[in-house]
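**Student:** Here is how the chains run, residue by residue.
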Amino acid sequence: MHDVDQPLCNIPWHRLERCVAQTPCDPVSLDWLEKAGVQAWVHRADELLPEVAGNKLYKLFGNLWLAKAEKTGVVSLGGAWSNHLHALAQACSVLNIPVAALVRQWGSGENADKTATLLDCEKAGMDLRSISRGEYRELRHMSAGDVFGCYGFSENNVFVPEGGSSLAGLLGCYHWGKGLAGEVISKQLEDVWVACGTGATLAGLMCGLSAELKARGFPKDQLPKVVGVAALKTLRDGESFLQRDIQGQIEKLQRFLPTLKTLPFVDWQLVSDGYDRGFGQASPELLEFMQETEGQLRFQLEPVYTAKVLFALSHSVAQNKHSGKRILVVHTGGLQGRRGWPELQMADQVMPGLTKAGQATSGQNVTLGCSANKSSIFTELYSDEYVDVDNGEWT
Amino acid sequence: MEKQPCLDIDAAKTLAPLNVMGQAHLEELLMNSSVMPLFAGQTLFRQGDVDHQYLYLLYGELEIKYPDGTTRILEGSQSRLPIAPQQPRNCTVKALGDCSVLHIDSNRLNKLLSWSQIADYMAVEMAYDPNRDEDAAWIDTVLHSNLFYKVPPTNIGCLLSRMKPMVVDAGEVILRQGEIGDGCYFIKEGEAKVTRAEAPNQPSELLAIIDHGRCFGEDALIQETVRNATVTMLNAGVLMFMDKKDFVELLKEPGVPGLNGAELMGVVSQGATLIDVRTQDEYEAGCLEGALNFPLHLLRSKQRMLEKDIHYVIYCDSGRRSQAAVYLLREQGYNVTWLSGGMQELSAALLKTWFKVGGDEQSTAMAHSFL
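Keeping their order, the protein sequence lines are chains P and X. For the record, in the first sequence the residue sitting at position 314 is 652 according to the working numbering, with numbers rising by one throughout. For the record, in the second sequence the residue sitting at position 183 is 219 according to the working numbering, with numbers rising by one throughout.
Isolated chain X, as found in the complex:
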């Protein structure tokens, strides 16, 4: 079945934090999400539910009921943030009129958001380093290829370092139709032709000429298959090779241990500084008391403001973006740890003392969901 985005990209770009995602990542996310109608009277979720979803009200009117008896009305036209994202849900939400709700798996959202923001981070990183000019194209391909969306974002640094450069000559056959695949290639320099023969003794037909930045042989990474075409270098060049065994290794979640809520309070009282790596919209709606905002995608350009002798604790909503940030900052020699599970897993009591609500009406509605 042919997949299509469940929502117009431009409409999705009015929602936070989807608004900071790159086109390719956002499209991939929307391909795997859904918009569901909710008719008047239907319950969206109840207090206590754990559904691991980000829900956005696109149209209609919802009633949010908190355990203390207070209620709040949320209108689709002014709703940019996810509906009461705390897990387990800390309120009950019901449709007052007919509504339309975007459902996004929270894990998928956080993964793709992290990928997208790390791609931005790396782009800035490349720009700072004139020696890496020639790497820009293939790295950009890697970062935007849906091949790697399944790789945990924290492993992105490993992903790049596992790519082995290969110097190749003109006329060299890189892979041959019918052979079993063992990995995939990115062209850093040079051009290659892709050819295929209908049958073993038939003359082969030219399918395409590819050059720097392009990827080939990627089917081998995701399935046990033989090469369906032959790739021959047209001139001398450099390829980056990703071994299938390494790729499988990278799919595993790295175990960087984080802090829990109580430990977080401990280190902060000893002088650690909190950094919120969510987007500005999310941060402004409400954040932990005293936290600075360094959105993940801007981290590379803002990291000059960090000091190497200060202990930083990074947090986000789910822990995924902060974990990626920890990896990137440790590479640069900073002293950082992260809040495991993110704000979503902080206890209600802790949030009550630590959570600072943003200014406007929309923020208050959003922040309310954390309290």
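Same shape as in the complex, but just chain P:
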């Protein structure tokens, strides 16, 4: 028998808020922003921990904490260039969590399934199983139990759905949003721009910001607006399914955190970069814009998410909508995925001195490949010490 002051279900979520506070926030000077009198910053979630970068740090936290506490393994799925699988493999290798992934088949012949992303995952000790595209489509609609049964995994594993977008992932993003409230207040931000794949990041950020700003007594009439930039084609049968998905995620959070129902919510809206394409695709215009922009920045972008945000912002700014505004752009990471773009490899070579993205560590290493200082951020995040668990967490 042991007395627990904190119930076991208490995951120390607030540690994520500390990560947000440690994340650099770089002022950006881009000619088109300056011309329009817009002041902008980039929240460098890509920079905090390059190996478990951007939203993945937040999305994976709950599930990995659980796997570590229960001493079980993790099973997940993703594509051959998946940022999610890449981050998951690196994190599990550091935390010593056995991890397997079902991967959507890529390429054929000798090069089949040999993307840089998957090679990194393998090196980090991830057990990869290639799944045909048809099979993978079905996988997306299966329950955790069915996936385990179908592919011979133990029932005790923790299942992380595609992109990490489960309730645990949503809650991680919620705490990311709570942490960002500090930036909103100190920088008097009017807009927060972020990329949307599944909408979990946006829904979480929006709810977290709303809750924390309310808790800190932030004036209702000065609440910022969250602008989501669609990373994929958003119209299907004439209806924006992403819009509906985001609304669904918000409602899901409200069901689990009933106090959210009575909040004055920060406004949110969804915009497209005007060049609607499928997920993981980019127009030549976008790639050109991205390379031009990177030339003026001290950091890298990637074409699936964050470059699209800046591209959409540039269109919006060009329409004179934001004169005099203070805007935060959230960098959601995913730089390792640049390696899937042959055009960008070239650009990397002619831009020396930039942070090289996604260089994986070996499976034997017990620290992340980044500097000692950064890897301690990660180990502290998952430390067993319960001393700092805050009981007022959800109130």
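There's no promise every hint is true.
[Said to hold, decoys possible] Derived DSBU-like pairs: lysine-lysine, alpha-carbon spacing no greater than 35 Å straight-line:
#1 Lys558/P x Lys130/X
#2 Lys130/X x Lys461/P
#3 Lys590/P x Lys281/X
#4 Lys590/P x Lys659/P
Read the hints as simulated data drawn from the structure, not as lab findings.
Given the coordinates of chain P, work out where chain X should sit on it, guided by the hints.
**Tutor:** Showing chain X alone in chain P's frame:
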């Protein structure tokens, strides 16, 4: 930080025993509780844990695993009672799907529940006694004021008897802005005006006119502070005064000794009658063999059925409600004792022989947690 209830009051009213609590007490309880998400695979608690919490499944599906290997599934939609409340926990509970769980500190719940039920008891008591009509308003204020939530419910009788009546005249200044506070007042009869001056030489401004049932000067009870306004009687009346020293005294838990499990068995075998003062919902889910159900809030109207020459042993889940009942019944001259620590502290062996499980499925799930 501005507090708000963690859950909609109407949603909370579907849960037992929260459903019998008055609005004010329930709201206070929900202000200090939390709803936490639990995602699939997470453990809520393990066998052997002592967490002093009442947990209610609001949404989702949980798996309850008992040491003998049996398991049970609990669904949020049909779950009205706390999840396996026995301390230390006698089973391990894990989320099968994503769940939402209401966490309430068990001590706070029992305190506020007792307060709420004693308030109901007193209301009935007042109704029986036509001479106390004029006391009804201020006593109601006392019983529903969050000032006193920290006072152990058993002391409620003392609380009322420590209030000193003061006959006051029209124009009498009861407290003056800037003076150090020594206690608080409830208006039994009469009206008073509350005024405040911005600075010592400024004319004072009328803030409010208050009348019977209202309380003033209460800040003095909880902090060392000067009066922030002046209160002057507009007409003659009667005030009830609570001295700060008395209030501090009342915050201490009274030491009414109770029985332990073995002693309980002894007195029952000698003919004592068991009374369960929990709510009907809790009682019906499972109770000690042979116990009668006299829910605390109905005790005043049901106590005619008790006899003065019988020895009664009162119990509840934690001991708090029964202790309050003992105080109230002894005042009326009944021969009563209580089970110290309540059912939660009875040994597993004792529960096995004495605990009678209720009829329906939900009750069985709940009762299982006691066995």
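**Student:** Take the hints in turn and mark each one as holding or not.
**Tutor:** Checked hints:
1. Lys558/P x Lys130/X: violated, 39 Å
2. Lys130/X x Lys461/P: holds, 34 Å
3. Lys590/P x Lys281/X: violated, 51 Å
4. Lys590/P x Lys659/P: With Cα atoms ~32 Å apart, Lys590/P and Lys659/P stay inside 35 Å; holds.
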